[in-house]
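**Student:** Sequence:
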Amino acid sequence: MDGCGEELLDAEPVTTMQMMAAEAEQNKDYVEIGRDSIKTTVQSRMERSLFFTASSMVPEAVPPPSSKVTAAIAVAMTWLKEAPQDKIIIFTQFIPTLKVLGYHLDTLGVKFVYYSGSMLRPKQEHAMNAFQDDPKTMVLLSTLKSGGQSHNLTVANRVIIVDLWWNKTAEKQAVGRVARMGQKKETYSVRIVTKHGMDGRVIEVQKGKERTVARMLQDDGHVRTEVDDKRLKQIFEPKPVEQANSKKQK
Numbered sequence: 016m017d018g019c020g021e022e023l024l025d026a027e028p029v030t031t032m033q034m035m036a037a038e039a040e041q042n043k044d045y046v047e048i049g050r051d052s053i054k055t056t057v058q059s060r061m062e063r064s065l066f067f068t069a070s071s072m073v074p075e076a077v078p079p080p081s082s083k084v085t086a087a088i089a090v091a092m093t094w095l096k097e098a099p100q101d102k103i104i105i106f107t108q109f110i111p112t113l114k115v116l117g118y119h120l121d122t123l124g125v126k127f128v129y130y131s132g133s134m135l136r137p138k139q140e141h142a143m144n145a146f147q148d149d150p151k152t153m154v155l156l157s158t159l160k161s162g163g164q165s166h167n168l169t170v171a172n173r174v175i176i177v178d179l180w181w182n183k184t185a186e187k188q189a190v191g192r193v194a195r196m197g198q199k200k201e202t203y204s205v206r207i208v209t210k211h212g213m214d215g216r217v218i219e220v221q222k223g224k225e226r227t228v229a230r231m232l233q234d235d236g237h238v239r240t241e242v243d244d245k246r247l248k249q250i251f252e253p254k255p256v257e258q259a260n261s262k263k264q265k
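Take 16 as the starting number for the sequence shown in the working numbering and just add one per residue.
Worth double-checking, as some hints may not be accurate.
Here are the computed distance ranges between Cβ atoms for each label pair [unchecked claim]:
hint : residue 1 : residue 2 : range
1    : Ala89     : Leu247    : 57 to 67 Å
2    : Pro28     : Met213    : 32 to 42 Å
3    : Gln100    : Lys54     : 16 to 26 Å
Here are the simulated DSS-like pairs of lysine-lysine, each with C-alpha atoms no more than 30 Å apart in a straight line [stated by the list, open to error]:
hint : residue 1 : residue 2
4    : Lys200    : Lys160
5    : Lys200    : Lys126
6    : Lys54     : Lys83
7    : Lys160    : Lys187
8    : Lys160    : Lys183
9    : Lys43     : Lys54
10   : Lys54     : Lys126
11   : Lys83     : Lys200
12   : Lys138    : Lys43
13   : Lys43     : Lys126
14   : Lys151    : Lys187
15   : Lys54     : Lys160
16   : Lys151    : Lys54
17   : Lys210    : Lys151
18   : Lys200    : Lys138
19   : Lys210    : Lys183
20   : Lys245    : Lys138
21   : Lys151    : Lys199
22   : Lys245    : Lys96
In short, the hints are calculated from the structure, not lab data.
Built from N, CA and C at the ideal position, the CB exists for glycine as well.
Put together the whole structure using the sequences plus the hints.
**Tutor:** Next comes the structure, spelled out in structure tokens:
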């Protein structure tokens with residue numbers, strides 16, 4: 016067939032993120048961007064962030080911040096300027112969000128440490144010690160589930176919550192890491208919420224759960240339905256074995 020032997024234009028070589036990750040694994044000098052003040056990074060238990068690997072290999076490939084990350088960084092930098100002695104905890108749900116926050120804080124010259132459930136226990140302890148003991152380590156970047164419970168972090172007095180959780184109790188517990196007995200400063204907390212999208216759905220679920228709990232605890236002001244003695248007797252009166260078995264068979 017005519018034209019079958021025509022030479023095609025040479026295609027430009029393409030480098031994928033998977034190829035960059037493979038190259039990084041073989042490069043002894045590879046260092047991931049966004050490492051904290053104790054030279055630690057965080058990885059998801061499920062998969063590695065190929066985008067961060069690519070960004071580390073190509074200096075001009077800067078991890079783009081989302082609108083929520085941009086807002087969180089703006090709040091943190093404002094606080095650090097207004098109250099340079101106050102330490103800050105930033106909570107998020109996702110490891111990639113932690114890493115993007117860490118990259119931009121590092122770029123801005125802010126000393127910080129990571130804390131997540133994917134870190135080994137010695138690294139977790141090292142991070143907590145650095146945040147509590149080093150006066151220059153000003154920010155703790157933590158996942159909500161790992162750092163938001165069972166920790167006394169009164170060394171900080173400012174909290175930013177980037178990602179909402181379906182149960183608002185988790186967020187209240189996170190703020191409670193700093194707003195607790197032993198806190199000597201006034202505490203501040205900010206929730207970063209988008210006007211549209213997923214955050215609206217999460218907030219509606221949170222409100223629904225709060226209404227349910229308030230009703231169960233009779234804290235919503237509703238008039239209780241009284242149960243008379245006859246109904247109580249029907250509920251608690253023992254029934255003959257034959258009658259109970261017949262109901263099960265039906």
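**Student:** Run every hint past the structure and note whether it holds.
**Tutor:** Evaluation of the provided hints:
For the pair Ala89 and Leu247, the beta carbons lie near 59 Å from each other, so the given range of 57 to 67 Å is met. Against the hinted window of 32 to 42 Å, the Cβ-Cβ separation of Pro28 and Met213 comes to about 38 Å, which satisfies the hint. Between Gln100 and Lys54 the beta carbons are some 25 Å apart, a value that agrees with the proposed interval 16 to 26 Å. Note on Lys200 and Lys160: the hinted pairing holds, with a Cα-Cα distance of about 25 Å set against a maximum of 30 Å.
Straight-line distance between C-alpha atoms of Lys200 and Lys126 comes to about 21 Å, which keeps the hinted pair within the 30 Å bound. Only pairs whose Cα atoms come within 30 Å are accepted, and Lys54 paired with Lys83 is accepted, the gap being roughly 25 Å. Taking the CA atoms of Lys160 and Lys187, the gap is about 12 Å. The hint holds against a cut of 30 Å. In summary, the hint linking Lys160 to Lys183 is supported, as the alpha carbons are separated by about 12 Å, within the 30 Å threshold.
Taking the CA atoms of Lys43 and Lys54, the gap is about 16 Å. The hint holds against a cut of 30 Å. Annotation: proposed proximity of Lys54 to Lys126 holds, straight-line Cα distance about 11 Å (limit 30 Å). A threshold of 30 Å between alpha carbons decides the hint, and for Lys83 with Lys200 the separation of about 27 Å falls inside it, so the pair holds. Distance check on the hinted pair: Lys138 and Lys43 sit about 22 Å apart at the alpha-carbon level, within 30 Å; holds.
Proximity of Lys43 to Lys126 is assessed by CA-CA distance (about 26 Å); at most 30 Å being required, the pair is judged to hold. Our distance criterion of 30 Å between C-alpha atoms is met by Lys151 and Lys187, whose separation comes to about 27 Å. Distance hint between Lys54 and Lys160 is fulfilled; the C-alpha atoms sit about 23 Å from each other, no more than 30 Å. Of the supplied pair hints, the one linking Lys151 and Lys54 holds, its CA atoms being roughly 15 Å apart against a limit of 30 Å.
At most 30 Å may separate the alpha-carbon atoms for a hinted pair to count; Lys210 and Lys151 exceed this at roughly 35 Å. Restraint check for Lys200 and Lys138: satisfied, since their Cα atoms lie roughly 28 Å apart, inside the 30 Å limit. Straight-line distance between C-alpha atoms of Lys210 and Lys183 comes to about 18 Å, which keeps the hinted pair within the 30 Å bound. A hinted pair counts as satisfied when its Cα atoms are at most 30 Å apart, and Lys245 with Lys138 does not qualify at roughly 63 Å.
Among the hinted pairs, Lys151 with Lys199 is consistent with the structure: their alpha-carbon atoms are about 19 Å apart, no more than 30 Å. A C-alpha spacing of about 68 Å is found between Lys245 and Lys96, which places the hinted pair above 30 Å, so the restraint is violated.
The structure is inconsistent with the numbered hints 17, 20, 22, although it conforms to all the rest.
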